[in-house]
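Protein sequences, first through last, are from chains A and B.
Per this note's numbering, residue 1 is the first one in the first sequence, and the count goes up by one each step.
Per this note's numbering, residue 1001 is the first one in the second sequence, and the count goes up by one each step.
It is possible that some hints are incorrect.
[Stated by the list, open to error] Straight-line distance between alpha carbons at most 25 angstroms, and here's what the computed DMTMM-like set of lysine to aspartate or glutamate pairs gives:
hint	chain 1	residue 1	chain 2	residue 2
1	B	Lys1096	A	Glu17
2	A	Lys53	B	Asp1587
3	B	Lys1242	B	Asp1298
4	B	Lys1292	A	Glu17
5	B	Lys1429	A	Glu28
6	B	Lys1601	B	Asp1201
7	B	Lys1567	B	Asp1578
Hints were generated in silico from the structure; no laboratory data involved.
The chain contents come next:
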Amino acid sequence: MISMTVNGRRQEFSGDEAMPLLWYLRDELGLTGTKFGCGVSACGACTVHLDGKAVRACVTPVSAVEGRKVITIEGLSKDGSHPVQRAWRAHNVPQCGYCQTGQIMQAAALLEATPKPNDAEIDQAMAGNICRCGTYVRIRAAIRAAAVEA
Amino acid sequence: MNSQSTSMERREFVQLLGAGGLVLAVSLSGCRRLSDALRGAPKAATTSVTPAAYLRLDDTGTVTVICHRSEMGQGIRTSVAMIVADELDADWSQVKVEQALGDEKTYGSQNTDGSRSIRDFYGALREAGATGRALLEAAAAKQWSVPASEVEARQHVVTHRSSGRTLGYGELVATARELPMPGKAAIRLKRPEQFRYIGKDMPSVDMADMISGAALYGMDLRREGMLVAVIARPPVYGGAVKSVDSSAAEKVPGVERVVQLDSAPPPSAFMPLGGVAVLARSTWAALQGRQKLKIDWDHGPHATYDSAVFRTELERSVRRAGKVVRSQGNAARALASASKRLQADYYVPHLSHAQMEPLAALATFENGKCDIWAPTQHPQAARDTVALALKIPVENVRVSVTLLGGGFGRKSKPDFIVEAALLAREVGKPVKVVWTREDDIQHDYFHTVAAQHLEGGLDANGKVTSWLHRTAFPSIMATFVPGTVYAGDGEVGQGITDLPFAVPNLRCENGPAAALTRIGWYRSVINIPHAFAISSFADELAHAAGKDPKGFLLELIGPDRIIDMTKAGLVAKPSNYDRSFEDYPIDTGRYRKVLELVAEKSGWGKPLGSGRGRGIAVHRSFLSYVATVIEVEIKADGTVTIPRVDVAIDAGTVVNPERVRAQMEGATIMGIGNTLYGEITFKEGRPVQSNYTDYRVARIDAAPREFGVHILPSTEQPGGVGEPGVPPVAPALCNAIFSATRRRIRSLPVDKQLAGGIASAR
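Using the sequences and the hints given, assemble the complete structure.
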């Protein structure tokens, strides 16, 4: 039995503990805002916060989450009002949108650790998150704006 | 979730034929937007009226725009709503967007490819909105018993001018339902200066869902009792299962069934590849089960496909005379007598779409009817192919379109949807087929691989007097028609036969090339290799002539004129993205204007520091004109970074400039990835690459630090926007690399060609 909190709610899991957190969130909890993109920690679409740090849910086994706190995009804010989400809206960042929840979670973790990142720090922190639509110029601008606002 | 999704499934239209053949429809459960439907039914309206297939008004005042084109990031749900709402003069805050079912009889083509949503439907969508406005005005006039000429609809309110009386749109619906639909003669389209939304920057209607995780893509679909299927497909295109031992797979907890699927022999068109499906109660169990399958494959006729070998064959194909597709003057004689003669070979490898959302589709099959939910660019192809595969009437296939997590052409092929339909019928339960990233890259409809040979002759003044262009690539048609070795007219019409250059002696040829894998269209299609070769070779000629590349391009394009394509020496059938040259002529003045604009905005000609360079390219595709200037900085170790990009586009009338800019940014960045690293290679019949780890795409560090998009103001007919940004990228980038390093890149990707650093590149 694995216990954890997801978006502030206590959850217990008694299945295959080797299953990646990604599938637990999506298939069992119905939290489909965390996306499946590559399955090998190469694209960042599944980024969630584990005890406040950005991790890739696709390579994080449920066993590694015992006793820890998971925040998904659904738990980042109640109403899309997190500074990063507001900046994303102001800069019209998303195109297809599929990777953007992972991008937002990664950016939120970056600003938590580094409130005023420079351009190199932004690129470094976001390099693991692919956007095939190519919204990177706006992602940079939105992160800079969120950093100013926060 | 189950009860809510059931209410969506129960949604139905009562359709009545109204006067003049227009369709009246009453929605019983309101908005069909998937995320809304799954969250809970919105407040139900008592009654509604549908002035056109794309528009419904209800008595709460809600305007529902029905978007029949698929949303994959181009912002079409917003643009369609903007057009209809503008002509309706609706208050934007009361406009909702509903995704249409797959139903081409009602909506016209829903095939969302070829950058054609706006250019094909701009007129029809405006008429839909204007019909609604005329209907509401007629209803108000009737309610007040005044002539319709005395009332005016504006921002969701109809006003009687002389008395000042007003009625909201919702209040007029009951009366509007009783009226005949205004015919074309009774509607008034706005003049452009009256537009409220068209031509203005508008945010996406899906923004809130996309930043909160509520947006629903095909991968996110769930149904009570659903099984998830993952499929082991033949590793080589055209292969099939010889035998399978599924005993270990069936022992994985959660696995319910293992089903063998027939393989369609090449050319397989839109039919699935076959293989062995593992169906389980969870995605994880299905994945685990698939790993435990023991399959003996028959690899079929393409088991020796090898990219290195094939490249030499393609290059051989373009070194000899090919099938002539266009000829003017006498290129051979002019080349022989030229003062200076240049030749160059170019190579562009296979690419994979690698859209962020791997393929996924959900199907149910009950009582001979198949219900599909899928991220498809082409719901009609999905309906037709599912009907064919299940041998049921197409009327018995219903296709609901989710948001697409990227498409780029891959999701216009419904093979993955047919898999879900076949499996749902087989197991009698809802089935969601899930492709992993590896499945997606290994079993793509690959962008073709192309070799090209160009020759050019300059006179004593450095003017181009002759131009020979040979191209050879496996045709997309090979995926549909057996024995295809030559390109289709539409393929050579992407850059070759529509070349706008004022060169008196011109010869374009197509060499044979058989397809040894599944070829498909990829954002901007054959324009990618063709624009790369043409704009690179123009740059090579400019340098050979000792002229500025931008001025040289303008000289090649020649004076402002409409090119008479009936006198252009075309041997291939003229192709103009399915439009006539009368409607969409090749206008060299528009090439000139985008070139001049991008040169001005990019600071073309201004000096740059050491290790830096600018490159320029121009290309017309999908009836729009795009010129791109890329500035590169090459580090000592050969790493390419991009300080600045400028793009100028003339797309004719533009609906949402904000999304046009976004598309130019995105297309350019995708093009940068294609150019710097994009390559799928085949060995022993199968792709070597399988995930983002070995198939590299652009990441944030490849994105330009500064990006300028410059839209030419225009009242011409709308052109395409989704694709035309891609073709100029590769030549502009490689021309910039040449400017910085004197190293000419003729084979893509750039990848490690500069790895020795600038010094060795010189």
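Results for each hint:
1. Lys1096(B) - Glu17(A): 43 angstroms, violated
2. Lys53(A) - Asp1587(B): 55 angstroms, violated
3. Lys1242(B) - Asp1298(B): Holds, at about 6 angstroms.
4. Lys1292(B) - Glu17(A): Distance ~19 angstroms between Lys1292(B) and Glu17(A) Cα, so the pair holds.
5. Lys1429(B) - Glu28(A): Roughly 19 angstroms between the alpha carbons, so the hint for Lys1429(B) and Glu28(A) holds.
6. Lys1601(B) - Asp1201(B): Since the Cα atoms of Lys1601(B) and Asp1201(B) sit roughly 21 angstroms apart, the hinted pair holds (cutoff 25 angstroms).
7. Lys1567(B) - Asp1578(B): 19 angstroms, holds
When held up to the earlier numbered hints, the structure conflicts with 1, 2 and fits the remainder.
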